[in-house]
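Novice: What follows is each chain in one-letter form.
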Amino acid sequence: MVYALIALGYTMVYGILRMINFSHGEVFMVGGFVGWWVISGLLASRIGLPAPLIIVLALAAAIVLCGGLGYGIERIAYRPLRNSRSMGAIISGLGVSIFLQTAAILIFGARPRVIETWRLIPNGWTVTIGSVTVSFVRVLVVVVAFGLMVGLEAFVLRTKWGKATRATAQDLEAATFMGIDVDRVVSMVYVIGSALAGIGGVLVGLLYTQVDFAFGFFIGIKAFTAAVIGGIGNIRGALLGGLVLGVAEAVATGFLSSTYRDVITFALLVGVLLLRPSGLLGRPR
Amino acid sequence: MSARPRPRVLGGLRDAMSDRLGGRPTWTASAPWVVTGLGVLVILMMPRLVGSAYPIRVLAAAGLAVILTASLNVVAGYTGLLSLGHIGFYALGAYLYAFLASPHFGAHLPFPLVLVAAAAVAAAVGLLIGWPSLRLRGDYLAMVTLAFAEIVRNLALSLDRPINLTGGVNGILGLDVPWLAGVQIRGLTPFYYLIWGIALLALVLIGRLKQSRIGRAWLAIREDEVAAGSAGVAVFRYKMLAFAVSAIGAAVAGVVFAAWQGSVFPESFTIQQTAILYAMLVVSGAAGLPGIVVGAVLLTVLPEWLRDYGIYRMLVFGALLVLVMRYRPQGFFAAVPRRAPDAAAEASSPAPAPVR
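Chain order of the listed sequences is P and B. By numbering that gives the first Met the number 0, the letter at position 171 of the first sequence is numbered 170, and the numbering carries on one by one without gaps. By numbering that gives the first Met the number 0, the letter at position 115 of the second sequence is numbered 114, and the numbering carries on one by one without gaps.
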């Protein structure tokens, strides 16, 4: 489910621009660090805020900062290249990704920073559904991911902005002719996608209890894989893909060993591309 | 090949060149053979000109980068496919040499044989990966190849248990000293010549390929896949071919790298390396193969100079990648972006002549 959360962001950007946002994983990493900074700062500061408020504050900070970061990245690295061949934007994204990773090393150091989740949510808190017991943090991730999916879908399908977004996704030029401010729509999509990545960063940081500079890259690849498996550009597909990938990895780790986890991810990706190139829920183009 | 009349500034010669390149003349086009000849001469004379070992070592590394970049260019430059897995094939070659010519498994195959084997394996793996992904949109290829490179590195890192295949983090040490045509290649200078010999050979071969029917098919696919297909180019097959050729180049470079270092470690093959290869391509731009040599040498030597600045180097590098893509999407040495001038001309000229 962790993947699903980030896959949502990939799917948003890809659905509109047909472009892989290579710096997405790094925005997610920044979200994780923002979460670490807010949480450990507030825990150390003796103000004694209640735990849920700390988490909400961390999430809010991540949404604002990552959203802003996403806006900046789009303006600087992607918008000037929108009309060039796709390779330019991807290399540019790779540049952003290297830049952010290096900046994270410079600011936070290369060693992982610990998020003291247990001081907010006691380890003993679990939720039992039938015979399965899950930690509270995991449930939180699932609920938030599901909530965001419903919210996003409502936004895209019900609002005026959502309509503009869909029009832009269908045909950017035609949307311009219809009087849609495409630049603003694209900016908004990046801000939303990056804010989602920020939320993901905080929650995954809580779940893994640590963040480091390389944290975004792998999860980013996995999340993109999840988005492709589910059908990229499809909001529900992102969730389904994340679920499928998570289950497959858990099964692989359980029955084989964690060594082969990444191989399974890759095999799954290739398999889906072979059999259903548009993904599980994607409509063939 | 635009038929639009251009202002005659420097007479026919310049016009002829600008027509051939579809833009103003680039610096490589102005004196290709003189520059190339001088370049080769300088490269070959280097060990005699320079007394100390360090510059030669850096230049030998640059030679490897030339092989890697030139072979990556076949896929990314000529055919216009975004492969992010080039370093994976490089790792494949390096580890094959470690498997087949070291005390690790007790196999000691001769160097040329390993080169051939690595080329064959890389081509096969390349086709295997290309088969599902090359049918699809270019972006999927980027993702699959990226995943491939990361998986090769992960396997190299983690296949030391339960059976020690790759040596894990510790890598494989004590690789054989290669023999080639009865000569033992030991020490820096012989390797320098071996690397640059292969690099020049690769450049010539790839250059010839580009001129051939195959190369024209690749360029056609890059420019317009659908048009190429309807003109009778077997798009999928030529894409596969480009992918295999580039994989072979990377694997050969990997074998030589492993033989030179005498050891292999997973950490030599990170995704950052692929990004650097792309940076080399970007710097060389559309200037063709000589441009690639300049790009590869420049971006190998420059970070060495900047080594004192440590991590800041990568910060600048990332920012540079973004800025170059923004302001010079066709590279430093390409004098003009390839498509922009036509659009500009159309905008400025009152009545564009519809000659076709």
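Calculated from the structure, these hints are not laboratory results. Glycine included, each C-beta is placed from N, C-alpha and C at the ideal position. Any given hint might turn out to be false.
Derived Cβ-Cβ restraints for the label pairs, each shown as a range [to be verified]: (1) B:S51 / P:L56: 51 to 61 angstroms; (2) P:V262 / B:P102: 52 to 62 angstroms; (3) B:G196 / P:R110: 52 to 62 angstroms; (4) P:G71 / B:D307: 49 to 59 angstroms; (5) P:A173 / B:G231: 24 to 34 angstroms; (6) B:G231 / P:I263: 33 to 43 angstroms; (7) B:G231 / P:A109: 21 to 31 angstroms; (8) B:R134 / P:V262: 35 to 45 angstroms; (9) P:L274 / B:I162: 28 to 38 angstroms; (10) P:K159 / B:P302: 27 to 37 angstroms; (11) P:L206 / B:W178: 46 to 56 angstroms; (12) P:L206 / B:V203: 26 to 36 angstroms.
Novice: All hints are to be evaluated individually against the structure, with a verdict given for each.
Specialist: A quick look at each hint next to the structure:
no.: 1; hint: B:S51 / P:L56: 51 to 61 angstroms; verdict: holds, 58 angstroms
no.: 2; hint: P:V262 / B:P102: 52 to 62 angstroms; verdict: violated, 28 angstroms
no.: 3; hint: B:G196 / P:R110: 52 to 62 angstroms; verdict: violated, 44 angstroms
no.: 4; hint: P:G71 / B:D307: 49 to 59 angstroms; verdict: violated, 30 angstroms
no.: 5; hint: P:A173 / B:G231: 24 to 34 angstroms; verdict: holds, 32 angstroms
no.: 6; hint: B:G231 / P:I263: 33 to 43 angstroms; verdict: holds, 41 angstroms
no.: 7; hint: B:G231 / P:A109: 21 to 31 angstroms; verdict: violated, 54 angstroms
no.: 8; hint: B:R134 / P:V262: 35 to 45 angstroms; verdict: violated, 22 angstroms
no.: 9; hint: P:L274 / B:I162: 28 to 38 angstroms; verdict: holds, 33 angstroms
no.: 10; hint: P:K159 / B:P302: 27 to 37 angstroms; verdict: violated, 50 angstroms
no.: 11; hint: P:L206 / B:W178: 46 to 56 angstroms; verdict: holds, 54 angstroms
no.: 12; hint: P:L206 / B:V203: 26 to 36 angstroms; verdict: violated, 54 angstroms
Hints 2, 3, 4, 7, 8, 10 and 12 from the earlier list are contradicted by this structure; the remaining hints agree with it.
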